[in-house]
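Work out the full structure, taking the sequences as your base and the hints as a guide.
So the sequence lines, in the order shown, correspond to chains A and B. Position 9 of the first sequence, counted from 1, bears residue number 10 in our numbering, the numbering being contiguous throughout. Position 15 of the second sequence, counted from 1, bears residue number 571 in our numbering, the numbering being contiguous throughout.
In case anyone wonders, no lab produced these hints; they're calculated from the structure. From a predicted model like this one, the values you see are computed outputs, not experimental measurements. Yeah, the Cβ is synthetic: ideal placement off N, Cα and C, and Gly gets one too. Take these hints with a grain of salt, some might be off.
Simulated restraints, written as ranges between beta carbons of each label pair [as the list claims (entries may be wrong)]: (1) B:Ala573 to A:Leu68: 44 to 52 Å; (2) A:Ala81 to B:Ser583: 33 to 41 Å; (3) B:Leu612 to A:Arg23: 25 to 33 Å; (4) B:Gln598 to A:Asn80: 26 to 34 Å; (5) A:Arg23 to B:Pro596: 40 to 48 Å; (6) A:Arg64 to B:Arg633: 35 to 43 Å; (7) B:Ser582 to A:Ala39: 19 to 27 Å.
Quick list of in silico lysine to any residue cross-link-like pairs, SDA-like style, CA-CA up to 20 Å [said to hold, decoys possible]: (8) B:Lys614 to B:Gln598; (9) B:Lys658 to A:Leu68; (10) B:Lys658 to A:Gly98; (11) B:Lys614 to B:Ser636; (12) B:Lys658 to A:Glu53; (13) B:Lys666 to B:Glu644; (14) B:Lys666 to B:Ser583; (15) B:Lys658 to A:Glu55; (16) B:Lys605 to A:Glu103; (17) B:Lys666 to A:Glu53; (18) B:Lys666 to B:His631; (19) B:Lys658 to A:Tyr51; (20) B:Lys605 to A:Pro97; (21) B:Lys658 to A:Phe105; (22) B:Lys658 to A:Arg58; (23) B:Lys658 to A:Ile13; (24) B:Lys666 to B:Ser636; (25) B:Lys658 to A:Asn60; (26) B:Lys658 to B:Leu604; (27) B:Lys605 to A:Gly98; (28) B:Lys666 to A:Gly41; (29) B:Lys666 to A:Gln45.
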Amino acid sequence: ETGVTQSPTHLIKTRGQQVTLRCSSQSGHNTVSWYQQALGQGPQFIFQYYREEENGRGNFPPRFSGLQFPNYSSELNVNALELDDSALYLCASSFPGNSYNEQFFGPGTRLTVL
Amino acid sequence: AQSVTQLDSQVPVFEEAPVELRCNYSSSVSVYLFWYVQYPNQGLQLLLKYLSGSTLVKGINGFEAEFNKSQTSFHLRKPSVHISDTAEYFCAVSMNSGGYQKVTFGTGTKLQVIP
Chain A
2 ETGVTQSPTH LIKTRGQQVT LRCSSQSGHN TVSWYQQALG QGPQFIFQYY REEENGRGNF
62 PPRFSGLQFP NYSSELNVNA LELDDSALYL CASSFPGNSY NEQFFGPGTR LTVL
Chain B
557 AQSVTQLDSQ VPVFEEAPVE LRCNYSSSVS VYLFWYVQYP NQGLQLLLKY LSGSTLVKGI
617 NGFEAEFNKS QTSFHLRKPS VHISDTAEYF CAVSMNSGGY QKVTFGTGTK LQVIP
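Here is the structure:
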């Protein structure tokens, strides 16, 4: 059974640029969530995708957007990068019928914005 | 709105001593509760979860937690810690929020085990 994978592991961008982060969910999982974890903080919920539709969103501006594909993999896109976007971005998947939404996490992508 | 408070940002403890990491939550509806562990430069790994039933739940690596509904707490305990337990621990609550299960994390507690 393959776990959640994310790419790239590290990324350096400059302010104003755009970035795309990728996530492959664990085999059999159909729900994907994205979190932003700033240094010294807990993960903050960005949004969740279920069956290719966004079905929940945290307090993040519209320049944070996402996609989920038919194979349940997912992308997080961030436009007009700001210095405060520097963080570890975590992807988590959960399995069908998981009414309590236990999250299975990937290793994360470390984004640095200069 | 749901929220999770981890009262201690850092907890130093000597090896083989017991430890308790505190977590309180606020929610007006039923919740599910989790503890996750994060080792440096890694994602989060589930330690244990409370869904229903017995209020004392056991997890991996010898950890356990007790759900206390009246005090809205879910404290994590281990009777004897090892050096390898040095990591950051996150408490999380899952509740229905407008048709989906929203998971909210606390700010984390860094456990430092001293040899």
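Q | Numbers of unmet hints, in rising order | A | 3, 5, 8, 14, 17, 23
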